[in-house]
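J.: These protein sequence lines are chains A and B, in that order. Mapping the first sequence onto full-length UniProt numbering, position 16 (from 1) lands on 16, and the numbers just tick up by one. Mapping the second sequence onto full-length UniProt numbering, position 12 (from 1) lands on 12, and the numbers just tick up by one.
No wet-lab data here; the hints were simulated from the structure. Source: prediction; values computed, not measured. Possibly wrong hints are sitting among the right ones.
The list cannot tell twin chains apart, which means a pair is met if one copy fits it or any two copies do.
[As the list claims (entries may be wrong)] Below are the SDA-like pairs computed for lysine to any residue, each with C-alpha atoms no more than 20 Å apart in a straight line:
#1 Lys-234 with Asp-159
#2 Lys-318 with Asp-288
#3 Lys-279 with Ser-303
#4 Lys-100 with Ala-162
#5 Lys-192 with Val-167
There are 2 protein chains.
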Amino acid sequence: MEVNNGDATAVEVPESLSSVIPGWFSEISPMWPGEAHSLKVEKILFQGKSDYQNVVVFQSSTYGKVLVLDGVIQLTERDECAYQEMITHLPLCSIPNPKKVLVIGGGDGGVLREVARYSSVEKIDICEIDKMVVDVSKQFFPGVAVGYDDPRVTLHVGDGVAFLKAVPEGTYDAVIVDSSDPIGPAQELFKKPFFASVAKALRPGGVVCTQAESIWLHMHIIEDIVANCRQVFKGSVNYAWTTVPTYPRHFSFNIVASLFSGVIGFMLCSTEGPAVDFKHPINPIDADDSHVKTNGPLRFYNSEIHSAAFCLPSFARKVIDSKAN
Amino acid sequence: MEVNNGDATAVEVPESLSSVIPGWFSEISPMWPGEAHSLKVEKILFQGKSDYQNVVVFQSSTYGKVLVLDGVIQLTERDECAYQEMITHLPLCSIPNPKKVLVIGGGDGGVLREVARYSSVEKIDICEIDKMVVDVSKQFFPGVAVGYDDPRVTLHVGDGVAFLKAVPEGTYDAVIVDSSDPIGPAQELFKKPFFASVAKALRPGGVVCTQAESIWLHMHIIEDIVANCRQVFKGSVNYAWTTVPTYPRHFSFNIVASLFSGVIGFMLCSTEGPAVDFKHPINPIDADDSHVKTNGPLRFYNSEIHSAAFCLPSFARKVIDSKAN
Numbered sequence: 001m002e003v004n005n006g007d008a009t010a011v012e013v014p015e016s017l018s019s020v021i022p023g024w025f026s027e028i029s030p031m032w033p034g035e036a037h038s039l040k041v042e043k044i045l046f047q048g049k050s051d052y053q054n055v056v057v058f059q060s061s062t063y064g065k066v067l068v069l070d071g072v073i074q075l076t077e078r079d080e081c082a083y084q085e086m087i088t089h090l091p092l093c094s095i096p097n098p099k100k101v102l103v104i105g106g107g108d109g110g111v112l113r114e115v116a117r118y119s120s121v122e123k124i125d126i127c128e129i130d131k132m133v134v135d136v137s138k139q140f141f142p143g144v145a146v147g148y149d150d151p152r153v154t155l156h157v158g159d160g161v162a163f164l165k166a167v168p169e170g171t172y173d174a175v176i177v178d179s180s181d182p183i184g185p186a187q188e189l190f191k192k193p194f195f196a197s198v199a200k201a202l203r204p205g206g207v208v209c210t211q212a213e214s215i216w217l218h219m220h221i222i223e224d225i226v227a228n229c230r231q232v233f234k235g236s237v238n239y240a241w242t243t244v245p246t247y248p249r250h251f252s253f254n255i256v257a258s259l260f261s262g263v264i265g266f267m268l269c270s271t272e273g274p275a276v277d278f279k280h281p282i283n284p285i286d287a288d289d290s291h292v293k294t295n296g297p298l299r300f301y302n303s304e305i306h307s308a309a310f311c312l313p314s315f316a317r318k319v320i321d322s323k324a325n
Numbered sequence: 001m002e003v004n005n006g007d008a009t010a011v012e013v014p015e016s017l018s019s020v021i022p023g024w025f026s027e028i029s030p031m032w033p034g035e036a037h038s039l040k041v042e043k044i045l046f047q048g049k050s051d052y053q054n055v056v057v058f059q060s061s062t063y064g065k066v067l068v069l070d071g072v073i074q075l076t077e078r079d080e081c082a083y084q085e086m087i088t089h090l091p092l093c094s095i096p097n098p099k100k101v102l103v104i105g106g107g108d109g110g111v112l113r114e115v116a117r118y119s120s121v122e123k124i125d126i127c128e129i130d131k132m133v134v135d136v137s138k139q140f141f142p143g144v145a146v147g148y149d150d151p152r153v154t155l156h157v158g159d160g161v162a163f164l165k166a167v168p169e170g171t172y173d174a175v176i177v178d179s180s181d182p183i184g185p186a187q188e189l190f191k192k193p194f195f196a197s198v199a200k201a202l203r204p205g206g207v208v209c210t211q212a213e214s215i216w217l218h219m220h221i222i223e224d225i226v227a228n229c230r231q232v233f234k235g236s237v238n239y240a241w242t243t244v245p246t247y248p249r250h251f252s253f254n255i256v257a258s259l260f261s262g263v264i265g266f267m268l269c270s271t272e273g274p275a276v277d278f279k280h281p282i283n284p285i286d287a288d289d290s291h292v293k294t295n296g297p298l299r300f301y302n303s304e305i306h307s308a309a310f311c312l313p314s315f316a317r318k319v320i321d322s323k324a325n
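Isolated chain A (complex conformation) (with noise of 0.2 Å):
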């Protein structure tokens, strides 16, 4: 582990961020060469080299701090809380009383801390392959890896892919993968197989919840996500989205389109068993205050919010409904 927590106070961008602008963060990516973004770097707090990405924390003038990623920007402290409550509570609230809860990837402890606003939740493992990301997070985003404070978190610290394959079928009553983008190392993770495993890990009438895209610049790669779910999850397959400003979060190879969308889409599935309808949460979660002393109050999900993630604009419903009736 390279590190340099950053005492330079002077604005120094770091050459694994690109230097369109100097003293920006920019990123032009070869998937969406006529898209730039650029974020005002106001102090680089930390850069390091893991076994798997460069890793760098950087406080921005408007979004608080932010985490980057191979030069991606995965998580700013000013709309955090949409994706992390989204991903979260879609899936949990669909369900009554989830017990056991894996999370692939989100190594940064965000989707944790909403899990363990689930009084019901007895087990929340996590499978993440960098260790550093959660060394970092737990330095510079307190409020977000607050999550790894709940005595009923285990880090398993590896290939999502392999951890799945390992474990004893129908163990979870519910998976989230927090994922990257699916190309590049995480391209399996939006792959027939590894839904396959996601269904057979999970308990008859279990649910999953899995980042998927954005309607405005993917549709061609949610067509396919939802015709690959369809034939993996014998419940119900829905797609959902919210609205994250920055949402670069885990896109490597289009964080700039996708700050260009300002959306993030979800694929909600459940498997054959006890029906679930997403649309309608039945464990709600803001319906009940007892998790705010220790997590803090619900900034963005609700369950008006929840039924309306689901309405999806004419052309999206288009594609999507094509597949999957």
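Given chain A, work out where chain B should sit, using these hints.
T.: Using the frame of chain A, we list chain B on its own:
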């Protein structure tokens, strides 16, 4: 009117576009100095200077043709449907048989295109201050300006505030304010006297829809708008929002931040009279395909997304509910 309708094939960024990155369209706003955004300019198609503003049209690499006024992106071919359809159908689907409709601003014609879908509509007035915007839209954005072809449309070139003052009481069923931002020339359009003029121009139980900022960025401004509307409109007062990836439309002071947010909001209000329940559309334009032949299919709007638009994230709901009740 200075016109240069650009036979130039070279990619040359005019001075009226800021030039952080040569060859890219970039904006850095004084209101949001920490953010910048760029969109690749493939070819400048038009440059002109009207009595009110600099007008530029360029071909972008990923968002089609882009209209820029005083350095601010107003619309892109790729995502204009979201804004135009939502700002129009949210109000018009909420009342029975709209007959007389006034559009303030909206010189590109996109809102007219959407209003023209209603067979009940007999008269569509539009008051746009800048004739060059109309002409440029007709030349470069025929799919948007097609709204002007409808024989029910009357274009009034002039100031919207003055036009409204001269309107006889109770003239319109609906007013749509497709305005620019609340600082600069359009600032009056966000204040109580303007809302009072709108209320006067509306019939009892008439409706107004006005663009109303981003929940991610402008809650303090939205708070004031809601409070103002609550005082003026004695029917219902609601806030709705939608996703517009490049949303910069009319936000000259915070274009960059808007691009970050990817959302735009709308105030939906009704005057005293027959009650209007904006959240449940009673005049669904998507239930009848007769408009599709002349106006093309709806790309974004549907009745589901209409209702969903009123579901707010918790942080926004908290502020807006406190002002609205």
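J.: Against each hint, give a clear statement of whether it holds in the structure.
T.: Hints and how they fare:
When the C-alpha separation of Lys-234 and Asp-159 is checked against a cutoff of 20 Å, the pair qualifies neither within a copy, at 26 Å, nor between copies, at 59 Å. In this homomeric assembly, Lys-318 and Asp-288 come within 20 Å of each other (Cα to Cα) only across copies, at 17 Å, whereas the closest approach inside a single copy is 36 Å. Taking the shortest alpha-carbon separations for Lys-279 and Ser-303, both the intra-copy value of 10 Å and the inter-copy value of 16 Å come in at or below 20 Å. Proximity of Lys-100 and Ala-162 under a CA criterion of 20 Å is satisfied intra-copy only: 19 Å inside one chain copy versus 64 Å between copies.
Taking identical chains as interchangeable, the C-alpha atoms of Lys-192 and Val-167 lie at most 20 Å apart only when both belong to the same chain, with a minimum of 17 Å there against 62 Å between chains.
The earlier numbered hint that this structure contradicts is number 1, and it is the only one.
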